[in-house]
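Asker: Each chain is listed here by its residues.
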Amino acid sequence: MNWSIHNIHDGAFGMGCRNKVADYLCEFNARKTVLIYDCAMFELGYLSEMEDIIASSGAHCYSYQANDEEPTSTGVDSFVNFCRAKCADSIVALGGGSTMDTAKLAGKVLANGGSVLDYIDNAYANLTVGNRIFEPIICVPTTAGTGSESCWGIMCLNETTGIKTYTRHPVTRAVVDPYYCMKLPAYITAYTGMDALGQCAECLVNTYSMPNLMAGILSREGLAISIEYLPKAVHNPDNEKAREMMSWAAMLSGYAITLRKTSSGHAIANQISDNYNLPHGVGVSCGMAALARYNIAGDPETTRIWAPYFGVELSAYSNMQLAGEEVLKRLDALQKDIGMKNMRELGIPKDFCDYAADMISKDRKWTIVPKAPDFELLRQCLHESWDY
Amino acid sequence: MTWKIHDLHDALFGVDSRKQAGEILKKLGGTKALLVCGPNINSLGYPEELIEILKDSGIETVLYVKEEGEPTGDMVNKGVEIARTKNIDAIVGLGGGSTMDTAKMIGKVLANDAKRAEDLLGGYTALNVGTKVFSPVLLLSTTAGTGSEVSWGLMCENTDTLKKTFSVHPATYAILDPLYYTTQPKEIIATCGMDSLAHSLESLCNSVAMPHPLADMYCREGIIASCKALLDNYNNPTDIEACSQMAYAAMIGGAAITLRKTNLGHAVSNQLVDYYHFSHGVAVSVGLMAQLMYNIEKDTVSSSLIAPCMNIEFPKDTDLKIVGQKIYDKVFNMQKIMGIKNMKELGVPEDFCDTIAENVSKDKKWAIVPNPPDFDYLRVVLHKIWNA
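Order-wise, the sequence lines are chains A and B. Using the working numbering, you'd call the opening residue of the first sequence number 1 and step up by one each time. Using the working numbering, you'd call the opening residue of the second sequence number 1001 and step up by one each time.
It is possible that part of the hints are untrue.
[As the list claims (entries may be wrong)] Keeping only pairs whose Cα atoms sit at most 27 angstroms apart, straight-line, the calculated DSS-like set for lysine-lysine is:
1. B/Lys1078 x B/Lys1026
2. B/Lys1132 x A/Lys32
3. A/Lys241 x B/Lys1026
4. B/Lys1326 x B/Lys1298
5. A/Lys232 x B/Lys1326
In short, the hints are calculated from the structure, not lab data.
If we strip away everything but chain B, and leave its shape as in the complex, we get (with noise of 0.2 angstroms):
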């Protein structure tokens, strides 16, 4: 058995550590930087502090506001134009999972001397086409969340095909500071919560395909973590500690996907996010009731990796179907507490379901993931949850 590990670069950790983004920034050699964010964090007066505070460093900031919603071509392109326009030399993202993929994207296209970001979105077979990498990009996480400050992942839409794409960019520095997660809506730390839960989750699910102890120790953590502290969090959104346990829990989850990938939810939550624009949150949430009915009868190996990090447990000639279906109790009573919608509530046809099924098996991450599931059950699955 070999593996690689992908560098997890250096994070700090802790109230008020944004205070130090100046600093860090300027030691890794930043002196103008294109500060990205989304409309919601700029109505908080996040930005307009941390201008300030690289100010007191030394460094210029230009602020890039991209649109609402996941990244996009077009919303990168965007943010590379003023970069190169400004001459910026440093990236700062502060936001959640959209703004920091769109902000470690322009990094990709900027190092690679792309002319569009579409020449660098052909998903899971073209990842070796620009490989250069800006630095830095100092990510500040304002959700708990995709994990995205500390995964070299990111998804972007690309433009000419209208199909949320996988690529790769690391970051250089992580900060996360659990002030700014106070102050997000329930639904976001609902659903964000989600995310991270799947993410480690659906890792340990390749953890028979893709041995690697790494991944295991993040993912088992990653899911103690989530379970333990997502409905504290929900329940105290401006609570510190419960917004500091579910930044480390998502953070987390994005070290264990950058060692090994997700499982057949987010491939669900993708279809979802593409037909229906839903935020990947949301879609995740159903994704990964997908992926914990499906493990019911079809995986129950993972269903015995995932229980002990749930509490559940399970005497050793059990029927793991049965503990499939515990695991699958938890995390739906979970999202009801928390008000998380199934398909039919959000207004999902039943018949896409066979349409999810039928796209999720053309889908390129087979060629990375070499776990794929039952297509047919799959589709039955789909079926089961859409109004669960």
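For reference, chain A alone in the conformation it holds in the complex (with noise of 0.2 angstroms):
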């Protein structure tokens, strides 16, 4: 078993810690420092204080608002030339994972050359184009999450052929303060924190195809911090504890998945996303849904990693079907509690279910990741889930 571990960069985590973003970019000598950051941040005086840590630092700061949708090609190139006007030497993310997801694309531009399309022209095929790296990249999520700021992970629209495309460079450092998370409303609570669970349990369904100790415990850990605190999160907004941990969650996959992919869930999330234009978090809870369903009869072996973490208790059951059914049925009671919709309730016709298993066979993740599902039993619990 030969497994990798991509470099767990340096970060700060815990409540004020937003403060050390001053120190690192002191740390690089950084002097034109370009600030990308979600709208919302504006309205929460949230970008305004963000200015002026970086000021303290002794650099110039650019501000540059991010676009209100995941990561365009021409999105990000804008932003990239917003960048070398600025002959930026330092890069701020301050916003969810799209942003970040942004900042980092953009880094990549800006060491290798060029634009985004000569990096996500081939999706899994082209990750070894563009290997030198831009420093430093300052990720300070505002949601929990993506786990972008630990992730060297970036998906972003290919508006030539309209796929969303993966690609890679890493974060220099990472700034999680839970105390941009304090206002977000229940339902980006919910869906973003569907997201960190959805990365945790998806990266376990690999723990055998690829083998990855380190993956297993980021992603175990992940697992269980995201059933235990996404509820209290959601219906408790100023529970700091649960904002805290979920921050934690969040980062802890998104280092999971940088060791080790997501499944199914997120090939799901990303036909949700392409087609639908609905938020990535929203995405991965259906796929999630319909995943669980798909493990019954389709994976045992993550049924029995998942087990535990659900509260499920393998022993009292005569067969993994059995505990793969109470599995589920905590998961749609979790989803449901927190206040996630179904395909149905989100407008998705249901011969979408059809559509998506097609596009699924054909994604090609399943070039790097050597556990593809039985699309056709996929096809099924897409529409077992469909409205469940």
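Could you use the hints to bring the two separately framed chains together as a complex?
Answerer: Here it is as structure tokens:
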């Protein structure tokens, strides 16, 4: 069993640690920092505070409002042009996964030249193109989350092909201050939290096909924390501990999927995002509903791994199928409890399930994830989960 | 609660992973490497093979076989002289903790342009002296272990004070090839394995004083992995799977203590090394028993954290002193099975227990570990375990 650790980079975590951004910029002698931020940061006052933090490092701060959507090739190119015009020597990203992915992809283009399409043209087959690294990129997440602050992976819509495409560029430092999540509305808390949960759960699906002991412990820890604290964070938004733990779970999930990828849950999520423009976490939630159904008959190994985290005592069940059904019941209950919607409630027609299964069977992800699902069974599970 | 993540750098783990050393070092920019090893490893032929592997990637190698024993300033200075004379641009450490610590310290001296290692061995209160980093430092560990291959910490005797002194310098990349571990003598497996367990366990004892969820995670995993694999590895020294599991346990322990330090166990062991020049693992084995005996009465919280990792169950209202005793008994039995000696058997006079306690109370470690023990009670404990 051979496996690798891709560096779990430096970071700071905890209430109030956002001031570390200045320390990290000083560490890299940053002089011209571009700050890319989500639009909500302005309304909440987080933008001006971060501008002050950056200024306190001695760097000049150039602020750039991120597009209010998932990264696109033209959107990221616009940001790259802004960075080039300002001669940026550092980037700070303050926002959710889309903003952080934009920062990372811009860093890749800045370090290697050209434009975004040079690096997302051929999806997983293009990962070795553009290996130079831009630094520092400091990611400050404001959701919990994609874990993009601790993950080298990036998703960006290739507008010439219409396909959301994967590439990589590492973050230099993560600054995870749960303060930013305290005012997140319940719905956003729920679906971003489902992304953290889903990343950990799906990373565990690949336990035996892509052995990586470090990925194993990160994803197990993240799954346990997500299951316990996500409902608390949704229902008690002022619960600092719950917010802190969900931020930690998201960070763990980002580290985990850097080392070992997600599974069919995210493949489903990408189809939903590509076709219905729904937030990534909403798609992941649907993906998890289908995946848990799939595991019952299709992947008892994963049921065995997931079960303890959902409070399912395996010894109480005469076979893994029954245990899988109990895991599903608890996952469905958790999702309902936090207000997640099924595909029907989201307005997705049922025949999309067939389309999604067909597209997933062609997903290039399976060139690097050697545990492709039984696509026919997945189609059935998509139908079963459509109106769960 | 705020805490920092110090990066866990890239690593490659698995059978034959050593064969990638050349390509890895080349990617990291190395062209001429100082290869540091000890006489025992040299006699096994591993350096010759590694020199060929590096040569195949176009990397020239200069061999430095350091003296047997724990690192000293003299050993480091000799290596530095060779490195400067031969204009090396990379360092490779092939061996156990002593070799890897020597390699890291050589890097520190070179990067900071120091005259001698002693200039940078001021101890815990002088860690901000000499912060430049030499890269690349590629470490291939052959014992399981100190975890030095992933830990930025190192211990080196300051030749001026004759004290074993803590310093820091990171490695760039670690390779853990279980093949190297199959030739460990049983005594080394036993004592190095105890070091691995002690790292994780002692770091967990600082859980309340130095909160750090990532360190906690590594500690729990390290205790579980060490307890699962150590006796198996001892009884089956050439079994690759057993070697792999202990290598992993040691690595995790190294990752843990990078994030959060050890406790009184290692403070005790350093006294034994300073005065009696025992190997680190032999001394840590004694220190670990002191830690566990101490915890029974004085640190029941740590006992409650450690016990689940050792499959020691306890109902809610259990007297935690009983739990602490069970932990002590379990490790004691492991040590006896593996023939590990107590202080009396090592020829340490009983009155040295008083010297240890006295010196531990003055250890500068407590300047950075806000969890010093009750030194009077430590004295009592040391006497209790002297001939346990």
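Asker: Now tell me, hint by hint, if it's right for this structure.
Answerer: Evaluation of the provided hints:
For the suggested pair B/Lys1078 and B/Lys1026, the alpha carbons sit about 25 angstroms apart, so the restraint of at most 27 angstroms is met. Between B/Lys1132 and A/Lys32 the alpha-carbon distance is near 24 angstroms, which keeps this suggested pair within the 27 angstroms criterion. For a cut-off of 27 angstroms, the pair hint linking A/Lys241 to B/Lys1026 is broken: about 45 angstroms separates their Cα positions. As the CA atoms of B/Lys1326 and B/Lys1298 are separated by approximately 15 angstroms, the hinted pair is consistent with the 27 angstroms bound.
Between A/Lys232 and B/Lys1326 the CA atoms are separated by roughly 36 angstroms; this puts the pair beyond 27 angstroms, and the hint is violated.
This entry does not satisfy hints 3, 5, going by the numbered hints stated previously.
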